[in-house]
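S.K.: Produce the entire structure from the sequences given, and follow the hints as far as they go.
Numbering-wise (the numbering used here), the sequence shown opens with residue 436 and increments by one.
If you're looking for bench data, these hints aren't it; they were derived computationally from the structure.
In this text, a Cβ means the ideal position worked out from N, Cα and C, and glycines have one as well.
Treat the hints with caution; some may be incorrect.
Said to hold, decoys possible - List of simulated lysine-lysine pairs, BS3-like, C-alpha gap at most 25 Å:
1. Lys521 x Lys477
2. Lys499 x Lys521
3. Lys477 x Lys499
4. Lys499 x Lys511
Said to hold, decoys possible - Okay, the calculated beta carbon distance ranges per label pair:
5. Ser497 x Gly444: 16 to 24 Å
6. Gln516 x Ser552: 17 to 25 Å
7. Ala495 x Pro522: 16 to 24 Å
8. Gly450 x Pro475: 17 to 25 Å
9. Val439 x Ser519: 20 to 28 Å
10. Gly449 x Thr537: 38 to 46 Å
11. Gln473 x Asp507: 21 to 29 Å
12. Ser552 x Ala509: 30 to 38 Å
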Amino acid sequence: VQLVESGGGLVQAGGSLRLSCAASGRTFSSYHMTWFRQAPGKEREFIARISWSGGNRSYAESMKGRFTISRDKAKKTVYLQMISLKPEDTAVYYCAAYDLATSGYPYWGQGTQVTVSS
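M.R.: Structure, rendered in structure tokens:
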């Protein structure tokens with residue numbers, strides 16, 4: 436089972452990025468795919484979650500409006516579209532598979548760095 440993030444990089448404040456998380460190795464229909472981020476010296480922060488089957492989405496309140504999660508079932512890929520980026524969005528962004536049965540995250544990607552310059 437693998438989750439591989441991509442799409443991070445350096446962007447100026449006000450810019451946009453789209454992160455991707457490609458899943459492989461098994462069927463993820465029973466998982467909800469989730470994006471987190473972790474900035475240096477800070478705790479990991481929930482961003483958004485989406486189900487593979489119904490496309491149901493949920494967001495952290497602070498992320499609504501600038502971050503959009505989506506998925507392509509055929510490509511087994513989850514996306515995080517980020518707009519109007521701010522320097523405080525600088526972090527390593529991770530995707531993870533949320534197991535509804537255990538309420539845990541058994542699978543994680545390696546993370547992708549997003550740096551927003553002022």
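S.K.: Taking the hints in turn, state whether each one holds.
M.R.: Here is what the structure says about each hint:
1. Distance check on the hinted pair: Lys521 and Lys477 sit about 16 Å apart at the alpha-carbon level, within 25 Å; holds.
2. About 14 Å separates the Cα atoms of Lys499 and Lys521, which keeps this hinted pair within 25 Å; it holds.
3. With a C-alpha separation of about 20 Å, the suggested pair Lys477 and Lys499 falls inside the 25 Å cut-off, and the hint holds.
4. At most 25 Å may separate the alpha-carbon atoms for a hinted pair to count; Lys499 and Lys511 meet this at roughly 24 Å.
5. Between Ser497 and Gly444 the beta carbon distance is about 22 Å. The supplied range of 16 to 24 Å therefore holds.
6. For Gln516 paired with Ser552, a C-beta distance near 20 Å keeps the hint of 17 to 25 Å intact.
7. Between Ala495 and Pro522 the beta carbons are some 19 Å apart, a value that agrees with the proposed interval 16 to 24 Å.
8. At about 20 Å, the CB distance of Gly450 to Pro475 agrees with the hint of 17 to 25 Å.
9. One distance hint, 20 to 28 Å for the beta-carbon pair Val439 and Ser519, holds here, with the actual separation near 26 Å.
10. Taken as a hint, the range 38 to 46 Å holds for the pair Gly449 and Thr537, whose Cβ atoms sit roughly 40 Å apart.
11. A beta carbon spacing of about 25 Å between Gln473 and Asp507 agrees with the range 21 to 29 Å that was offered as a hint.
12. For the pair Ser552 and Ala509, the supplied restraint of 30 to 38 Å holds, since their beta-carbon distance comes to about 35 Å.
Taken one by one, the earlier hints all hold for this structure without exception.
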